[in-house]
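Enquirer: Those protein sequence lines, which keep their order, are chains A and B. The first sequence: position 32 = 32 (my numbering), numbered continuously. The second sequence: position 252 = 252 (my numbering), numbered continuously.
Treat the hints with care, since some could be wrong.
[As the list claims (entries may be wrong)] Estimated spans, in silico, between C-beta atoms of each pair:
(1) A235(A) with P5(B): 37 to 43 Å
(2) G50(B) with N224(A): 30 to 36 Å
(3) A235(A) with R273(B): 26 to 32 Å
(4) P227(B) with D256(A): 48 to 54 Å
(5) P227(B) with A235(A): 31 to 37 Å
(6) R40(A) with P262(B): 43 to 49 Å
No lab work stands behind these hints: they were computed from the structure. Note that CB positions come from ideal geometry on N, CA and C, so glycine has one too.
Take a look at the letters that make up each chain.
Number of protein chains: 2
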Amino acid sequence: MQISPEKTRIGFIGLGVMGHSMAGHILDSGYALCVHTRTRARADGLVKKGAVWMDSVRKLAANSDVIISIVGYPQDVAQIYLDADGILENAATGSVAIDMTTSDPALARKLAAQSREKGIQVLDAPVSGGDLGARNATLSIMVGGEEPVFTDMLPLFQVMGKNIVYQGPAGSGQHTKMANQIAIAAGMIGVCEALAYAKKAGLDPDTVLSSIGQGAAGSWSLNNLGPRMLKSDFAPGFYVKHFIKDMTIAADSARDLGLDTPGLTLAKTLYERLVDNGCENDGTQALFKLF
Amino acid sequence: MQISPEKTRIGFIGLGVMGHSMAGHILDSGYALCVHTRTRARADGLVKKGAVWMDSVRKLAANSDVIISIVGYPQDVAQIYLDADGILENAATGSVAIDMTTSDPALARKLAAQSREKGIQVLDAPVSGGDLGARNATLSIMVGGEEPVFTDMLPLFQVMGKNIVYQGPAGSGQHTKMANQIAIAAGMIGVCEALAYAKKAGLDPDTVLSSIGQGAAGSWSLNNLGPRMLKSDFAPGFYVKHFIKDMTIAADSARDLGLDTPGLTLAKTLYERLVDNGCENDGTQALFKLF
Chain A
1 MQISPEKTRI
11 GFIGLGVMGH
21 SMAGHILDSG
31 YALCVHTRTR
41 ARADGLVKKG
51 AVWMDSVRKL
61 AANSDVIISI
71 VGYPQDVAQI
81 YLDADGILEN
91 AATGSVAIDM
101 TTSDPALARK
111 LAAQSREKGI
121 QVLDAPVSGG
131 DLGARNATLS
141 IMVGGEEPVF
151 TDMLPLFQVM
161 GKNIVYQGPA
171 GSGQHTKMAN
181 QIAIAAGMIG
191 VCEALAYAKK
201 AGLDPDTVLS
211 SIGQGAAGSW
221 SLNNLGPRML
231 KSDFAPGFYV
241 KHFIKDMTIA
251 ADSARDLGLD
261 TPGLTLAKTL
271 YERLVDNGCE
281 NDGTQALFKL
291 F
Chain B
1 MQISPEKTRI
11 GFIGLGVMGH
21 SMAGHILDSG
31 YALCVHTRTR
41 ARADGLVKKG
51 AVWMDSVRKL
61 AANSDVIISI
71 VGYPQDVAQI
81 YLDADGILEN
91 AATGSVAIDM
101 TTSDPALARK
111 LAAQSREKGI
121 QVLDAPVSGG
131 DLGARNATLS
141 IMVGGEEPVF
151 TDMLPLFQVM
161 GKNIVYQGPA
171 GSGQHTKMAN
181 QIAIAAGMIG
191 VCEALAYAKK
201 AGLDPDTVLS
211 SIGQGAAGSW
221 SLNNLGPRML
231 KSDFAPGFYV
241 KHFIKDMTIA
251 ADSARDLGLD
261 TPGLTLAKTL
271 YERLVDNGCE
281 NDGTQALFKL
291 F
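Bound-form chain A, shown alone (with noise of 0.2 Å):
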């Protein structure tokens, strides 16, 4: 499928923080759009700039070529995909879904299996880069499916992100998401650890940052999250409660694939122990109260 803002209508799925600023691009890039999510009030400001409401996920994928969804869990993603009323029933022979929700590997290739049957392509395609990335159109997207799916699909990627790559076949934007949140698990702990032995050795922990956040201590995290976490500033960026759906995922995933991940599971006993304390709608650096 060519795409153009001319000829191809879009149908976005989902318009909470992350949704909402990469439906606002396709807008602002001059497609035909229209959206759905469970809170009506949420697609008011896209509506006033031309966007058109549909009352139902059916409706929407009726009425659209390309179909995005950004949604909160696996289950919400299986339910929009899956349901009579979903995308697999009711978009038409030849439409492309792409979910950009940090889902299960395992049920993105089922969906992509299921959506062959119908005639839909479906790519799988999680983000990088929080609300931020979201807003400034700089979003890492990670990308599994049919190459030259992903290949029409590109200009569309190009309006919400930056870094954008193609990772192999259904599933695997969503492993390399997994990879992704791997990483910054066990790291948020080092992080972590690493400020509060400098708190507690008597150091001024901004000066310790400017010694160790360019060096080969140096992470996003470290250089953006520590400051946070030192003016004990825990607005959410990115949910602990949604970092755990992640690390629950990867940690199921690396378990089926027979691999041991003793950080990842240090990584997600902490978070819970944070959501035990009722911090489950913090940002990521929290965990920093913990030591």
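Based on these hints, arrange chain B on the given structure of chain A.
Expert: Okay, now just chain B, sitting in the frame of chain A:
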């Protein structure tokens, strides 16, 4: 003490991979340099370029205005400073000693206290940036001790490094380096697990790196050691055995401060397992072998 290449005699103890490059930069900057190290042959190149060999710490200390050391372990530092033939007994009143070994913060405080009684000033100034940072004079240097002494010695630090930060009273340089190593420790687990997951999931791990290296999972370790892991290049930039030394100091120090560091503990356990497999002289990226 105002220092300058014209009037300041530098003594350098410890010509390992790091020290050899650092001493070379001092010599190249025009300072009179004398050197001592355990293995005489390690000094040959520098002596050819004009450095003067000293066959004991005693002689080196007695003939230097500023004495720099970067040796292996805290016990080596204690020996060159505290022995009857060592720095404190033999350096002239008014001289400055700078220990750049990654060593024990408590030892650094002890050396500072004892040197003060002798009229000698001591700084603890461990570095980060590895062999490459030493060679290119881009080391990060974290300094503890009296601030006016730090200010006096700044021109000398600038010959060896780039990101040079005064961190506070004696021991603060070492504490900062410990925070650095603590951040690296758990982070390395995340890097290994992420790349091992990518391989097990059938992805091309180099392509995965191109997706995850620049975003929220990005870190110096992932981007610099990740590619070496994937090529099974375990040659030492930074030795496993030295990292274990650092983690041991950090863990002891954290315990003394009453700080729980489960990520550091896990990393230390895994690296010790690596040593059990005979990998103590590999580079730290060899942790990947366990996954």
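Enquirer: For each hint, tell me whether it holds in the structure or not.
Expert: Results for each hint:
1. A235(A) with P5(B): 37 to 43 Å: About 52 Å separates the Cβ atoms of A235(A) and P5(B), which means 37 to 43 Å is violated.
2. G50(B) with N224(A): 30 to 36 Å: This hint is violated: roughly 46 Å between Cβ atoms.
3. A235(A) with R273(B): 26 to 32 Å: The hinted range 26 to 32 Å is violated for A235(A) and R273(B), with Cβ atoms some 39 Å apart.
4. P227(B) with D256(A): 48 to 54 Å: 27 Å, violated
5. P227(B) with A235(A): 31 to 37 Å: The hinted range 31 to 37 Å holds for P227(B) and A235(A), with Cβ atoms some 35 Å apart.
6. R40(A) with P262(B): 43 to 49 Å: 45 Å, holds
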